[in-house]
Amino acid sequence: MKKILAILLCVAMVVTVFCSCGKDESKDNTTTTQPQVDENAVKEVPAGMVAEPMKAATEFAGGTGTEEDPYLISDAAQLVLMSETIKEKNGEKLYFKLTNDIAFNDTTDFANWEKDAPQYLWTPVDNFYRGGLDGDGYTISGLYGYEIGGYLGKEGDSEYDLGFFNTIGADAYVKNLKISNSYFNGLNQVSVGCIAGHFYGTLTNCQVLDSVVKTRISSAGALAGSASGATVENCETNDGVVVSGKIAGAIFGYVGGGTYKNCVARGTVNGEDNIGGFSGMAHGKFEDITNYATVEAIGTDTVTECGGCFGHLSAGSDGRDEGEERITTVKNCVNYSENLKGNYSTGGIIGNVNADNTDRKTNIINCQNKANITSDGLVGGIAAETLTRLTGVVTYSGCTNDGVITSNDDLAGGIVAKNVIQEGTLVVENCVNNGAISSLVDVGGILADISYLTLEEKTSNHFTVSGCTNNGSVTGSGDFAGGIVGKIGMITTDVDMVKITMTEGDTGLIENCKNTGKITASAGDKKTAFAGGIAGLWNTPITKCEVKSCSNSGEIATVDDGSVNDNPEIVYESGVGGMSAPLFMFVSAPKKAQGAGNAISCRPKNSTSIRSPLISSHIR
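Using my numbering, the letters of the sequence shown correspond one by one to residues 22 to 641.
Hint data in this document are derived by calculation from the structure and do not stem from the laboratory. Model, not experiment: these values are computed from the prediction. Glycine is no exception: its CB is placed at the ideal position from the N, C-alpha and C atoms. A few of these clues could be false.
Label-pair ranges, simulated between beta-carbon atoms [said to hold, decoys possible]:
hint	residue 1	residue 2	range
1	D157	N387	30 to 38 Å
2	S481	N111	49 to 57 Å
3	D309	T129	51 to 59 Å
4	A132	D430	16 to 24 Å
5	D430	D157	47 to 55 Å
6	T87	D260	49 to 57 Å
7	T528	K108	55 to 63 Å
8	D430	I319	14 to 22 Å
Capping the alpha-carbon separation at 30 Å, the derived lysine-lysine pairs in BS3-like fashion look like this [as the list claims (entries may be wrong)]:
hint	residue 1	residue 2
9	K76	K110
10	K391	K199
11	K196	K110
12	K352	K391
13	K362	K382
14	K382	K352
15	K539	K391
16	K306	K196
17	K306	K199
18	K114	K136
19	K110	K199
20	K196	K108
21	K282	K362
22	K352	K199
23	K569	K382
24	K306	K352
25	K362	K306
26	K362	K539
27	K199	K136
28	K136	K362
29	K282	K382
30	K196	K114
31	K306	K282
Kindly generate the complete structure, drawing on both the sequences and the hints.
What follows is the structure in structure tokens.
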């Protein structure tokens, strides 16, 4: 297993709230930090990427700029006039409306804009804090923004957000707008998107089509590089969108709070750190998000978290009053894309989920993965990895995986692969896996692994797995395979695990769970494997742990793959748990196991076994 303790200890210390850039001066309670431009950034625009700004029109097509009588925009020169008017009337509420489709540049040669600039450079609308733009269903095409170290390649410029707007404030909106065949390369800019670099306001009924968004510094998204406290509804991207950045999503790069509903992601997302179909890194409230986009890691030097909807999801902390609950909710989200690939963790909905600080909660409700997913790292039908710490709570409720989930080199789970608890709580309830799950390491129909990160003797770690069903086959090629959970274990900072004593505050419960899928374990070159209809191995000294009212009707099989010739292969099999008695000093079984009497319905062919209602061991 890759990076187990080192990664976990680093994650436990990291503050997961990413500080997005660009300041909305209409929000007094928001504090942001401006990242520094890369010291190695190019200071001059390459000759082939130079374009000239367009001259502004002298007047709009009509209107007075009020909400009842907005300025009317009918051509590209009037778009430039809008930008200049907003800058001139700094802070005033101004309203605009499109009356035509507008081509800012001729897009005939759009495919070559990566190396050859079009005629006109778009200078982003500067700090649109108050007012609104109504696209009225029309399309702006041919926007071109190429920025290095500051707008127009100038050194010392403090503006770091790039898009049609650089920043849209909390008291501003954009609606009914389409942007197509547009190119924004922020290279050394922080937040880059087609509609805005950074977005605080309200965005409804907007689309980005056949466009390219790039930055090498931080956040890239087709609609906006970053969004904070925004309200977004009924927005989408199409199959032509290409997004590239350290934190990247087909809709948004980074999301720091707000409400987001009924959005559809299509296209291609490439990123180096956190990448997702909707957003690379996020906290807030999300509902009815659907992903069809290809999401793929392009970096090799960083741990990349990849998800069909979100790369990294947390409970967040910014913008809240003291004492207010920090809650992130993901509800009714669906992934259809089979093209998901992170270099460490890949999940059908989310790469990494955490509630990593006091009283923070992250809820994943009624989400579905419909796609087959294969990865060399951690892979899960809903999420690849969960971290809960410092009284944080992560809940998966009513989630379903229908795809085939395969890890070629790490954990695989139908709902979640790896789950780490450090002074926190994990709840998995009423979840269903219907897909075949396989791994070269730990594998589970619902969860591959539950681990307690123990830093001292007295801890308060809790998990509950209830009302869950696995219908898919579960195949492990070494270590642990379980219909519900592959392994329940402990990670400790003390190398001498024998010194770990029974903890006083820990609890664990598996209740009302059912497995119907075939469970197969192969010891391989590790010589020992564990297979269980409910759990492959319970390997942790929890003082209050129970298996209640669980059943298994699936076949439990063991396979000798011929890789062990010098010693007999040892495989532990059971309808409920793969092991019930301690074999090593640091291993112990559940203190209570109830409702297991009818859990064993079949045994491998040609086996000689000694069975109890809870446990059997098979030695070849």
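Do the hints match the structure? See the list:
no.: 1; hint: D157 <-> N387: 30 to 38 Å; verdict: 35 Å, holds
no.: 2; hint: S481 <-> N111: 49 to 57 Å; verdict: 53 Å, holds
no.: 3; hint: D309 <-> T129: 51 to 59 Å; verdict: 37 Å, violated
no.: 4; hint: A132 <-> D430: 16 to 24 Å; verdict: 37 Å, violated
no.: 5; hint: D430 <-> D157: 47 to 55 Å; verdict: 52 Å, holds
no.: 6; hint: T87 <-> D260: 49 to 57 Å; verdict: 39 Å, violated
no.: 7; hint: T528 <-> K108: 55 to 63 Å; verdict: 59 Å, holds
no.: 8; hint: D430 <-> I319: 14 to 22 Å; verdict: 19 Å, holds
no.: 9; hint: K76 <-> K110; verdict: 19 Å, holds
no.: 10; hint: K391 <-> K199; verdict: 29 Å, holds
no.: 11; hint: K196 <-> K110; verdict: 22 Å, holds
no.: 12; hint: K352 <-> K391; verdict: 16 Å, holds
no.: 13; hint: K362 <-> K382; verdict: 27 Å, holds
no.: 14; hint: K382 <-> K352; verdict: 14 Å, holds
no.: 15; hint: K539 <-> K391; verdict: 21 Å, holds
no.: 16; hint: K306 <-> K196; verdict: 20 Å, holds
no.: 17; hint: K306 <-> K199; verdict: 24 Å, holds
no.: 18; hint: K114 <-> K136; verdict: 39 Å, violated
no.: 19; hint: K110 <-> K199; verdict: 26 Å, holds
no.: 20; hint: K196 <-> K108; verdict: 21 Å, holds
no.: 21; hint: K282 <-> K362; verdict: 25 Å, holds
no.: 22; hint: K352 <-> K199; verdict: 26 Å, holds
no.: 23; hint: K569 <-> K382; verdict: 26 Å, holds
no.: 24; hint: K306 <-> K352; verdict: 8 Å, holds
no.: 25; hint: K362 <-> K306; verdict: 25 Å, holds
no.: 26; hint: K362 <-> K539; verdict: 27 Å, holds
no.: 27; hint: K199 <-> K136; verdict: 25 Å, holds
no.: 28; hint: K136 <-> K362; verdict: 28 Å, holds
no.: 29; hint: K282 <-> K382; verdict: 20 Å, holds
no.: 30; hint: K196 <-> K114; verdict: 16 Å, holds
no.: 31; hint: K306 <-> K282; verdict: 8 Å, holds
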